[in-house]
Each structure stands twice: as structure tokens, then as C-alpha cells.
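Required output: the full structure, derived from the provided sequences and hints.
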Amino acid sequence: MVTTKNTTKGIGAITAAIPTDLVAITVLFVVFDGLVFGYPAAVPPLRAVVGLAAVLFVPGYLFLAVLFPRRQSTVDGTGPVESATPAVQRLAHGGRPSWSERFVLSFGLSVAIVPILGLLVTPFTGSLSPQSVFHGLNAFVFVGTVAAVARRSVLPANERLQLPSRSVRDSLRTTFGRDESGLLSVALVLAVVVALASIGLAVTFPASGETYTSTALLTENGDGELVASGYPSTLDAGASEQLTLRVENHEGVETTYTAVVSLQRVDASGAVGETERILEEQETVQPGQTWTEPHTITPTMTGEDLRLQYHIYRGEPPQDVNGETAYRTLSLWVTVGSSE
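The sequence shown begins at 735 in this note's numbering and counts up by one.
Everything labelled a hint here was simulated from the structure, so no lab data went into it. Backbone N, C-alpha and C fix where the C-beta goes; we use that ideal spot for every residue, glycine too.
Pair by pair, the computed Cβ-Cβ distance ranges are:
no.: 1; residue 1: E1015; residue 2: V888; range: 51 to 59 Å
no.: 2; residue 1: P849; residue 2: T945; range: 15 to 23 Å
no.: 3; residue 1: E954; residue 2: T1059; range: 26 to 34 Å
no.: 4; residue 1: G958; residue 2: P849; range: 32 to 40 Å
no.: 5; residue 1: L762; residue 2: E1010; range: 52 to 60 Å
no.: 6; residue 1: D1054; residue 2: A971; range: 21 to 29 Å
no.: 7; residue 1: V764; residue 2: T1009; range: 42 to 50 Å
no.: 8; residue 1: G842; residue 2: L1064; range: 44 to 52 Å
no.: 9; residue 1: V783; residue 2: G1049; range: 25 to 33 Å
The structure is reproduced here in C-alpha cells:
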């Protein structure tokens, strides 16, 4: 006689043991990190949607997942809470939020958590920027996911928070209802979500017109401070002169800069004739950070009204280094005399 074994219960138990919501959050952040750090210019609409979910929903959801690892509250341990019970009163007496309440609270808590994360990571990154906030988010999500899994693992399987679609549908129907007050509640929630999404989109993904790089050529004054004045007007061939280049990255992403410094002989028409390459330096600068490069100028070409030209490039410089191909330029006119 052939016997069959019912595996439905076993499969259901295995499925129940998998925290599908936390798995989804992990996958979301893998995609988010890839779009933000790996391919920041790829698929802007997808980047915006994933970014908004990661910034404005996940932190609050994880916070609630750690605080409330059980399924929705019960009155006496046997039945569901009556829909008329106020949420605040229920939570104050040890109850748990419904799925609709988790959804709404996740947005509100995320708005409170993300700025705090930015302030906490600023001492380690040196500045408050989208990139530093993203690093803080990754740390928060890792710790929150581990904590949520640990909190659920000590509970009986039938009490652990899961993500069944039927419960979500019933919870939304109970909370919002089908009458006029329910429709107003839905409209209010949607308005809050749209407003938060608009703010988050503007803060997290600033317009390209707001990104820039600032550069400055500095000298050291008598007090040892770097100032944008006191530039040398005359140099001696073979003698050294100390200057400092400062590059500030406000591009919103990690950027590699290359500085090419040349001494040029320029005729009356502005055409560049003889050129002497002085130095070339490169540095990768994090968003919001500053590259300060002290360097020594030691010219060998002599003449009057020579132009000391700084060409700043993003990435590697081209074969033809000039003012048209450079991202930023700085100029200093000097006269270089003979060392004799």
C-alpha cells in the first residue's frame, strides 16, 4: 500500500520561520547601495523610488519590528483586539500595532530617525552629506535587522510577526473602513506620504544644478594661516615658492580630482606658446570634504608676465591640457627672473 505524507504543514512552518519582511528589506538595501554607490547615474526613476523607500520607510519599520516582534495584539490572548480600541491605549497596555498602524508609523518614525543618524555619523565622516547619511542608514539597517531577527527567534513560531496579505487587507479595512471617515483617513495618510516623499526626494537626491566644486589658491601668512592673498609676483628661476591648492567637493558623490600645474608664456593675442609642466597631483575626495594640497613651485622658464595655470579635472586629465578641457582653472601672473 502506498502512503502519502502531507507536507503542506511542514512547508507552512518553514515559510512561517522565514522573516519575509526582513528579507525584503535586505534585498531593497542591496539594490539601494548598488544604485547609490555603484551606479549613481543609472536609472534615475528606479533610484528615486528605491531611495525613498529606503530613507522614508525602512528605518521606522525596523524600529517597530524590534520594539514589537509579535503579531497584532490580543485582548485576552485568544482573540483579536476590537477595532474600537484606540491605538495609543492598546499600545500603552502592552498591545501591538496593526499592519496599517505600522505602515503609517514607519513613515513618521523614519523622518525622526534619519536626521539623528546623520548627526551621529558626522563626527566619523567629517561632514553632513547624503553619502554620510547613507552610510549611517546601512549601519542602522544591519543592526536593526539582526536585532529584529533575534527578538523574533525567541518567540513561538505562531506569535512571530509575519507578512500575510490577508492580515494586511483585513487590517486596512478595519482601520480605514468604507464610510466617509474611512475615506478621509485614507486621504490624510496619502497626503502625508506624498509630502514626506517630496521632502525626502529633494533632500536625498538634490538637483544637479546644486552640485559644484570650488577651488582656491592660497598662501601662508605670518601667523601660519592659509589665506587667499599675498601671492608672489616675482620668482627666481630654480628657486622654490610654497603655495597651497584647495579643492572642495560639493558634487554629492565621491570624486577623483587631478590638478595639473603649468607655467605658460602667453603672447599679446592670448595664445599660449612655450609651456613648462610644473607638477601633477591627484586625490579622491568624499562629498563635502576638502582636498588641501601644499606644493612647491620651482620654475626654470624665465620671462615677464608668465601665467602659472592650474587645470583641475574630474578623473584623469586628457592628452591636451588647456582651459577648455579643464573642469576648473586658476591663474597667477608672475615674472620669473634669472637666478644669476
